[in-house]
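Trainee: Sequence:
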Amino acid sequence: MSSELETLGAASVGSLSTTRTADLSGQPCRNCGEMVEQRHCPRCGQLAASFHRPFISLIFESINDAMALDGRISRTLPLLLFRPGVLTRRYNEGKRARYVPPFRLFLLSSLIFYFIVFALLDGQSWTSDPININGDAQRELTDEEMAELEKQLNEAGIGTSGSFFKLDSGEENASAGLESPEAASAPEGSPTDADSEEETSEIEERLRRIADNPKLLFMAIQDWAPRLSLLLVPLTMLTLALMYFWKRRLYTYNHAIHAFHLHTWMYLAGALTVLVSQVTGPGVWAVFVIIMPIYVILSLRGAYGTGFIMGFLRMCLLFTVWSVGLTLLTAFTFIASVFSV
Numbered sequence: 110m111s112s113e114l115e116t117l118g119a120a121s122v123g124s125l126s127t128t129r130t131a132d133l134s135g136q137p138c139r140n141c142g143e144m145v146e147q148r149h150c151p152r153c154g155q156l157a158a159s160f161h162r163p164f165i166s167l168i169f170e171s172i173n174d175a176m177a178l179d180g181r182i183s184r185t186l187p188l189l190l191f192r193p194g195v196l197t198r199r200y201n202e203g204k205r206a207r208y209v210p211p212f213r214l215f216l217l218s219s220l221i222f223y224f225i226v227f228a229l230l231d232g233q234s235w236t237s238d239p240i241n242i243n244g245d246a247q248r249e250l251t252d253e254e255m256a257e258l259e260k261q262l263n264e265a266g267i268g269t270s271g272s273f274f275k276l277d278s279g280e281e282n283a284s285a286g287l288e289s290p291e292a293a294s295a296p297e298g299s300p301t302d303a304d305s306e307e308e309t310s311e312i313e314e315r316l317r318r319i320a321d322n323p324k325l326l327f328m329a330i331q332d333w334a335p336r337l338s339l340l341l342v343p344l345t346m347l348t349l350a351l352m353y354f355w356k357r358r359l360y361t362y363n364h365a366i367h368a369f370h371l372h373t374w375m376y377l378a379g380a381l382t383v384l385v386s387q388v389t390g391p392g393v394w395a396v397f398v399i400i401m402p403i404y405v406i407l408s409l410r411g412a413y414g415t416g417f418i419m420g421f422l423r424m425c426l427l428f429t430v431w432s433v434g435l436t437l438l439t440a441f442t443f444i445a446s447v448f449s450v
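Numbers 110 to 450, taken from my numbering, label the letters of the sequence shown in order.
Because the hints were derived from the structure by calculation, they are not lab data.
Honestly, I wouldn't trust all of these hints.
Said to hold, decoys possible - Cβ pair distances, simulated, as ranges:
#	residue 1	residue 2	range
1	Ile400	Ile221	16 to 22 Å
2	Ser183	Pro137	35 to 41 Å
3	Ser183	Arg357	32 to 38 Å
Every residue, glycine too, gets a C-beta built ideally from N, C-alpha and C.
Can you build the whole structure from these sequences, using the hints too?
Mentor: Following this line, the structure appears as structure tokens:
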């Protein structure tokens, strides 16, 4: 049963391939019954291929579909990385078959970025070492340390049964089955100290669990950060639509394509910067900070024909929107992660 599920999963990954072997050509279509002479059914368009082959071959074909994308990736990435805005303009002109679809390229780039970032952060000590929220270095004594402490107390004339280890009056009364004076004087129905300690708030309990095991928070952030970061794309699309609202030939679709391409470039450039910074140090981020606004200005010029001055002003507006959006999304990510622990 598991092998069948694996085969179905691999088949679904590569279902959009145009390189898969059409081993059912010359037979009726399995979907509509039309006779298929070539690779695809002339009526419904289904690929004339079966997936009853070794699982390893399906895996290799799926990887080829995801990474090679029939050679389109080699035509898409150079335009995206080194000719800002040109890919958007050509895609909006209708030249779509030769390039990777923007949404698929965006998902692939975000997957690469978060995989690299989380893989590097996973090895950091702050994601696994307990946090002392009390601010002191409290810990339990080992048996050897306890024996040494008792020896020093005995040498000082203070035995383990002395007043130093005596219970206070409340504990003595409790051990004798009596109420302490504080508990006796407390009004009926009021919670005791033990009850109040048990009635800690939900947030405090979650923070304590995070302090004991920071890995829980890190795992929750891994779940929420990629999801919430998707909201930056419609935010960018809305900003672009407002900046070019008087151009009737531009539609929401055009701005969506450019928003996907912008964020794809930022993910890929950010992933490359993260990797290079592991070798050269954090100074490479200064290069990224300088290149990013230049790329945005050139992308607006390439996609919309915007001049340099107006491109600079629109870039400033985009960066303002992104700064506010990132701040809010970071806060929402942290809050959602805490309440998920």
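Trainee: Determine whether the Cβ-Cβ distance between Ser183 and Pro137 falls within the hinted range of 35 to 41 Å.
Mentor: Holds - the Cβ-Cβ distance for Ser183 and Pro137, about 37 Å, lies within 35 to 41 Å.
Trainee: Does the Cβ-Cβ separation between Ile400 and Ile221 fall within 16 to 22 Å?
Mentor: 18 Å, holds
Trainee: Holds or violated: the 32 to 38 Å window for the beta-carbon distance between Ser183 and Arg357?
Mentor: Hint holds: Cβ distance 36 Å, inside 32 to 38 Å.
Violated hints for the displayed structure: none, as all numbered hints are satisfied.
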